[in-house]
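In order, the protein sequence lines correspond to chains L and E.
According to our numbering, the residues represented by the first sequence are 1 to 327, in order.
According to our numbering, the residues represented by the second sequence are 1 to 96, in order.
Since the hints were derived computationally from the structure, they do not count as laboratory data.
Just so you know, not all the hints are guaranteed correct.
[Stated by the list, open to error] Computed beta-carbon distance windows for the label pairs:
(1) L:ALA52 with E:ASP40: 24 to 34 Å
(2) E:VAL41 with L:GLN276: 19 to 29 Å
(3) E:GLY22 with L:ASP175: 19 to 29 Å
(4) E:VAL41 with L:TYR290: 25 to 35 Å
(5) L:GLY61 with E:VAL69: 57 to 67 Å
(6) L:PHE149 with E:HIS18: 19 to 29 Å
(7) L:VAL150 with E:HIS18: 35 to 45 Å
[As the list claims (entries may be wrong)] Calculated pairs, SDA-like style, for lysine to any residue (alpha carbon to alpha carbon, straight line, at most 25 Å):
(8) L:LYS168 with L:GLN183
(9) L:LYS184 with L:ARG164
(10) L:LYS97 with E:GLU25
(11) L:LYS168 with E:GLY22
(12) L:LYS168 with L:ALA274
(13) L:LYS168 with E:PRO11
(14) L:LYS97 with E:GLY22
(15) L:LYS97 with E:PRO11
(16) L:LYS168 with L:LEU275
(17) L:LYS97 with E:ILE37
Think of the CB as a built atom: it goes at the ideal place given N, C-alpha and C, for glycine as much as any other residue.
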Amino acid sequence: MSMPGPHSEYSTTSTQSSRSSERGYPLLFFYLRSSWGYRLLAALLVCALSGAFYIWYSQSGYDTTPDSWAGLGYATFGTIFLILAAVLYSIRRRLRKRAIGQLNASLHWHVLLAIVGLIVLFMHAFGHFAMISGTFALYSMVALTISGFVGRILDHVMPRLIAREVDKVLTMQGDDGVESTSQKLRAVVVHNTQENRGIIVSQSQAPIPMPGSLPFTTNGQSLGASWDLAYISLEPTQQELDQNAPHYRFIPDKKSALNRPGALMPGAEEHLSALQDMQLAMRREQFFRYIIRYWRVLHILLAFITIGLVTWHIIFASTILWPRFFH
Amino acid sequence: MKSTLLHKTAPQVAQEIHACIGCNECLLACPALAETISIDVLNRETLSGAISTPVARFARSCYQCGACVAPCPVGLHRDAMIMWIKVRLMRSERGG
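Could you put the whole structure together from the sequences, leaning on the hints where they help?
Structure representation (structure tokens):
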């Protein structure tokens, strides 16, 4: 198995990525596979047959109530579809023996069976929504289906939004952008602090010397070639002595350019701003991940509520229908 | 409450790919994967190089549900690896 080493090129700007056969990550995309098409066709066929029977039955003058034989037939089939939608996917997820792509197929069946079940159960109502338990059960099914639809949309949109935020936080080489920017910021702060204190900074941190300047520095400033060192006193000035005093506070004049934020630390502002942007991006990433996770929790919660309401409705309807069957 | 794992950096993803034993458990547990993909190809194309059409489709379809994490016998985060492919696809869109 050939894989890139830990120090290999991660950069997407490399020439390797230019050979990529696939590019881009659109917000909305849809891959229609033939197997998905067959499943959709099967679901549409069931809906069409149920609908055709509904129209024929309604126009034939038969009893069009939820507890008529046709209504009970719709109720039975609708409940079976919903049970299959809930159970098949849950079982498939827990099965140890499965092939690649089977779970995806089960997810498609889960979606299609739930929609077909809901449509068939609407037909079971025959437009009668007076029975409180049945109406509640139907409304909860509608809420469950809508939450499933919204969940599928979120599944498409949220990962892309997460990827956009991750893109902001990672460097082009894929390293941690926060760490990289923090290091740059630290280098700027160390460099400026040393410069302010008059320490000769290392060659790597020091600014490029101007042509003709000497390597001597005092208070961070290069001395020109014309300066005679004999005229410079090595004794600390009163200002330098004050700086070392514990009560010393440097307060620039209000109109001074030094009063601008970041004026004393040139170059630090942009890094600080970049760090804040990255922190915001990470918070957004976490938020989007929470949406994905908790929308699933909401969907499962609605599923349990629906199961409860459907069970209540079946028990309630049974108490009415049972005496009728026995007489 | 279980904390949400954020993204991983490319060196971390590279380490995870090196630790992958190729058992396919992550792919078997994935509800977003619709077509057969070899784990070797997926590992090879994750960090660099050309991204083939099946891998790109899979990466775009992945919804970061984390179903691939629990079955992994060595505790790797396939979702974080796929996130890196998503970022690469997104950057390639910008001509990067």
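Comparing the hints with the structure gives:
1. Judged by the Cβ atoms, the range 24 to 34 Å given for ALA52 of chain L and ASP40 of chain E is violated: they are separated by roughly 51 Å.
2. Checked against the given bound of 19 to 29 Å, the beta carbons of VAL41 of chain E and GLN276 of chain L, roughly 39 Å apart, lie outside it.
3. Hint check: GLY22 of chain E to ASP175 of chain L, Cβ distance near 27 Å, so the stated range 19 to 29 Å holds.
4. Range check, VAL41 of chain E to TYR290 of chain L: about 32 Å between beta-carbon atoms, so the 25 to 35 Å window is met.
5. The given range of 57 to 67 Å is respected by GLY61 of chain L and VAL69 of chain E, whose C-beta atoms sit roughly 59 Å from each other.
6. The hinted range of 19 to 29 Å is not satisfied by PHE149 of chain L and HIS18 of chain E, whose Cβ atoms lie roughly 40 Å apart.
7. At about 39 Å, the CB distance of VAL150 of chain L to HIS18 of chain E agrees with the hint of 35 to 45 Å.
8. As the CA atoms of LYS168 of chain L and GLN183 of chain L are separated by approximately 17 Å, the hinted pair is consistent with the 25 Å bound.
9. This hinted pair checks out: LYS184 of chain L and ARG164 of chain L have alpha carbons roughly 23 Å apart, not beyond 25 Å.
10. This hinted pair checks out: LYS97 of chain L and GLU25 of chain E have alpha carbons roughly 11 Å apart, not beyond 25 Å.
11. The straight-line distance between the Cα atoms of LYS168 of chain L and GLY22 of chain E is roughly 31 Å, outside the 25 Å bound, and the hint therefore fails.
12. Annotation: proposed proximity of LYS168 of chain L to ALA274 of chain L holds, straight-line Cα distance about 10 Å (limit 25 Å).
13. Simply put, LYS168 of chain L and PRO11 of chain E have alpha-carbon atoms about 17 Å apart, close enough for the 25 Å limit, and the pair holds.
14. Note on LYS97 of chain L and GLY22 of chain E: the hinted pairing holds, with a Cα-Cα distance of about 17 Å set against a maximum of 25 Å.
15. Taking the CA atoms of LYS97 of chain L and PRO11 of chain E, the gap is near 33 Å; set against the 25 Å cutoff, the hint is violated.
16. For the hint linking LYS168 of chain L to LEU275 of chain L, the alpha-carbon distance of about 10 Å falls within 25 Å, and the restraint holds.
17. Between LYS97 of chain L and ILE37 of chain E the alpha-carbon distance is near 18 Å, which keeps this suggested pair within the 25 Å criterion.
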